[in-house]
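Asker: Please put together the full structure from these sequences, using the hints given.
As a plain string of letters, each chain reads:
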Amino acid sequence: MKYFRPALVILLGITLLTGVAYPLVITGVGQLAFPSQANGSLIIRDGKPVGSALIGQDFTSPGYFHGRPSATTATLANGKTVAAPYNADNSTGSNLGPTSKALRDRVAADVKKLEAENPGQPIPADLVTTSGSGLDPDISPAAAYFQVPRVAAARHLDRAMVRRLVASHIVGRTLGLFGAPHVNVLELNLALDKLKAGGM
Amino acid sequence: MTFLGWTEIALFFALVILVTRPAGGLLARVADNARPMRVPVLGTIERGLYRAAGVDPAAEQGWVSYAAAMLAFKLACFLAVYAILRLQAYLPLNPDGQGAVPPDLAYNTAVSFLTNTNWQFYGGETTMSYFSQMVALAVQNFTSAAAGIAVALAFVRGFSRRSASSIGNFWADLVRVTVYALLPICIVYALFLVWQGAPETFHGAITLTTLQGGKQTIALGPVASQEAIKMLGTNGGGFFNANSAHPFENPTALTNFVEAFSIFVFGAGLTNAFGRMVGDERQGWAVFAAMGLLFLAGVATIYAVESGPNPILTALHVAPGMGNMEGKEVRFGMAGTAIFSSATTDASCGAVDAMFESFLPLGGMVPMLNIMLGEIIYGGVGSGLYGFLMFAIIAVFIAGLMVGRTPEYLGKKIEAREVKMTMLAILCLPLAMLGFTALAVVLPVATAQISAAGPHGFSEALYAYVSGAGNNGSAFAGLSANTFWDVTMGIDMMIGRFFVMVPALAIAGSLAAKKIVPASSGTFPTTGPLFVGLVVGVILIMGGLIFFPALALGPIVEHFAMLAGTTY
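Chains Z and W, in that order, give the protein sequences.
Residue numbering for the first sequence is 1 to 200, as defined by our numbering.
Residue numbering for the second sequence is 1 to 568, as defined by our numbering.
Heads up, a few of these hints could be off.
[Claimed, not checked] So these bits of chain Z aren't anywhere near chain W, every CB distance computed over 12 Å:
hint: 1; residue: N78
hint: 2; residue: V128
hint: 3; residue: R150
hint: 4; residue: A152
hint: 5; residue: A153
hint: 6; residue: H156
hint: 7; residue: D158
hint: 8; residue: R159
hint: 9; residue: A160
hint: 10; residue: M161
hint: 11; residue: R163
hint: 12; residue: R164
hint: 13; residue: L165
hint: 14; residue: A167
hint: 15; residue: S168
hint: 16; residue: P181
[Said to hold, decoys possible] Far from chain W by the CB rule (all over 12 Å, computed), these chain Z residues:
hint: 17; residue: L11
hint: 18; residue: K80
hint: 19; residue: I123
[To be verified] Listed next, the stretches of chain Z that the computed footprint assigns to chain W, with coverage defined by at least 3 CB atoms under 8 Å from CB atoms of chain W:
hint: 20; segment: 18–25
hint: 21; segment: 28–42
hint: 22; segment: 57–66
hint: 23; segment: 96–107
hint: 24; segment: 129–139
hint: 25; segment: 186–194
Hint data in this document are derived by calculation from the structure and do not stem from the laboratory.
Don't be surprised by glycine CBs; every beta carbon is placed ideally from N, CA and C.
Answerer: Okay, here's the thing in structure tokens:
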């Protein structure tokens, strides 16, 4: 019995400290010092949010660069689960193992589409594999260059110009060491839209 | 594999070495209850907590009393978390209208967080209100980490004290670790994460129109504050379903590196705190060296294996150069992913920045093996050190048998009681892991929830119980919950936590009561490479004997199936 009072009181005290005061302080300071990041790094175009710089979007039209396949799903009102790529309200990977038949069949179908689009080129692995979050905002530089012919054709743009645009959007390793070079798909597509709007 | 990748791994290990002394100094100072800390504000909070609870921090407890206080605290934690999860629909800070968590899931989650496991049979953004995340779950991240460190400190006092009847005061250890070690670092750490892009807001999910004209709903929340303690406390329970693969939990390659590093800060620091408390820092560095060897072996294996392609996909004309990208994020790079994946399972963290279920068979075997060996590679905060010291007890016992001398460790005679308690703790883990797996792969109610077919399905079930009893919480996440899994995983996690903690405290009590035998020419030195090699050997041989058959049925057979191009 002598243990119950300290157990309850200390739990309550630590709860007020680490469960209430701590997140409130971080929220207060974070909102003041880093308002954009603290609210989800939203990108505003013409006064409206068009996405988050950190969250990928489901691009399917030939005139946009596409992100990686995404395994996220959504649950319909009738309880059925359906595929919903880049559902940022339900992050998930495919969780398919390396010897999964479903994985092989999915990749085979995607490879077929990509080979038709850009024959004879090696297929970048990230363009046919789903990310862990299903929300990966990035693709590898190779995956971006792979899509240049399709995007240039759909937008009636010069391939070299689109290639230059990709090159200018490659983000290198942080401090030259951490991570891998990548291209943020949403930011690349926003630049692509601007290019056209500028009449170039 | 690239030169830059290996450089990143080397830099990581160098930083772990550098942080060990400062972190150890802080913990050893916090462990010294007799000396007040004299920190403004925090000191007032500490004293206020003691006063309100009616606790005298200087009153020493024997091991039974220490264990009883710890268990009473855990019971209070369980009831609080369970109540909040069940009632969250009526509580504030629920902008996305999450309903009550079902009873079996609430039980499973409460056990999972109070045991420092953070196994999650739910997706955070689709299940938990902000109130539940902050007030129920993040608080457990703090207290389960602090309780783990407290038990490790008590265990070390067993070695450092002579002819003593007490091993410290649980309440004082719990409060001091939380207030002086975990909280101040988390404040700085969480702000760093916000700067890098982790959200910290009470605003609900936002829905916007995408560039292409579709609708996208983006879940938000007070993410950064929870992420910091989730990593530093080696808890691992994600705010979002995708855990640290989610760009809001882990926005950049830099946060990925820092998050992996923060898993090891207190685990590595405790080896030094141990050295300081027993009066010889070299004892701590010997422990550090044994852990470091095992870490480097694991991270190198994951990096080498996952940098290679899945041959089944290469046969479909996928370019092999990027390695196995299924379930991985582009921004972290393969070396960053390998560091994170090995650190999270060397310790009992269990956060993931890539999906283990989609690792190649041998790549996925490393996290599993790390946990099977007892998560003593720096380990969970606290549990890693006392887990490792139990293996050290076995090692000196075997060395003693070989030369026909009563074994000693740090001047304490290791006798029947200590060895029995150690074996109890060491054998309970595989019994729970393998016993429950055996049950789950034959009962239809369990197999119905396994998503993968063939040997990978076996790995999925094995990984779950290994992760649960190891209090890790990472998963081959294709597994989905039902009442069978909720209940058995709950038991599995409690066995893994308390059937190790209580024997650890019993050993501490029995060691503290002993005299210290002065070192003589016949004493086996426990600071040299011979000792390090012996402990590593004991860990690998015991792990191998217990788990090799199960690994052969899962990842090893799957590896050969993959090479042969077989799919299931």
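Asker: Confirm or reject each hint.
Answerer: Against the structure, the hints come out as follows:
{"no.": "1", "hint": "N78", "in the structure": "holds (17 Å)"}
{"no.": "2", "hint": "V128", "in the structure": "violated (6 Å)"}
{"no.": "3", "hint": "R150", "in the structure": "holds (15 Å)"}
{"no.": "4", "hint": "A152", "in the structure": "holds (18 Å)"}
{"no.": "5", "hint": "A153", "in the structure": "holds (18 Å)"}
{"no.": "6", "hint": "H156", "in the structure": "holds (19 Å)"}
{"no.": "7", "hint": "D158", "in the structure": "holds (22 Å)"}
{"no.": "8", "hint": "R159", "in the structure": "holds (21 Å)"}
{"no.": "9", "hint": "A160", "in the structure": "holds (23 Å)"}
{"no.": "10", "hint": "M161", "in the structure": "holds (20 Å)"}
{"no.": "11", "hint": "R163", "in the structure": "holds (19 Å)"}
{"no.": "12", "hint": "R164", "in the structure": "holds (21 Å)"}
{"no.": "13", "hint": "L165", "in the structure": "holds (15 Å)"}
{"no.": "14", "hint": "A167", "in the structure": "holds (17 Å)"}
{"no.": "15", "hint": "S168", "in the structure": "holds (18 Å)"}
{"no.": "16", "hint": "P181", "in the structure": "violated (9 Å)"}
{"no.": "17", "hint": "L11", "in the structure": "violated (5 Å)"}
{"no.": "18", "hint": "K80", "in the structure": "holds (15 Å)"}
{"no.": "19", "hint": "I123", "in the structure": "violated (5 Å)"}
{"no.": "20", "hint": "18–25", "in the structure": "holds (count 6)"}
{"no.": "21", "hint": "28–42", "in the structure": "holds (count 11)"}
{"no.": "22", "hint": "57–66", "in the structure": "holds (count 6)"}
{"no.": "23", "hint": "96–107", "in the structure": "holds (count 9)"}
{"no.": "24", "hint": "129–139", "in the structure": "holds (count 11)"}
{"no.": "25", "hint": "186–194", "in the structure": "holds (count 4)"}
Against the hints set out earlier in the document, violations occur for numbers 2, 16, 17 and 19.
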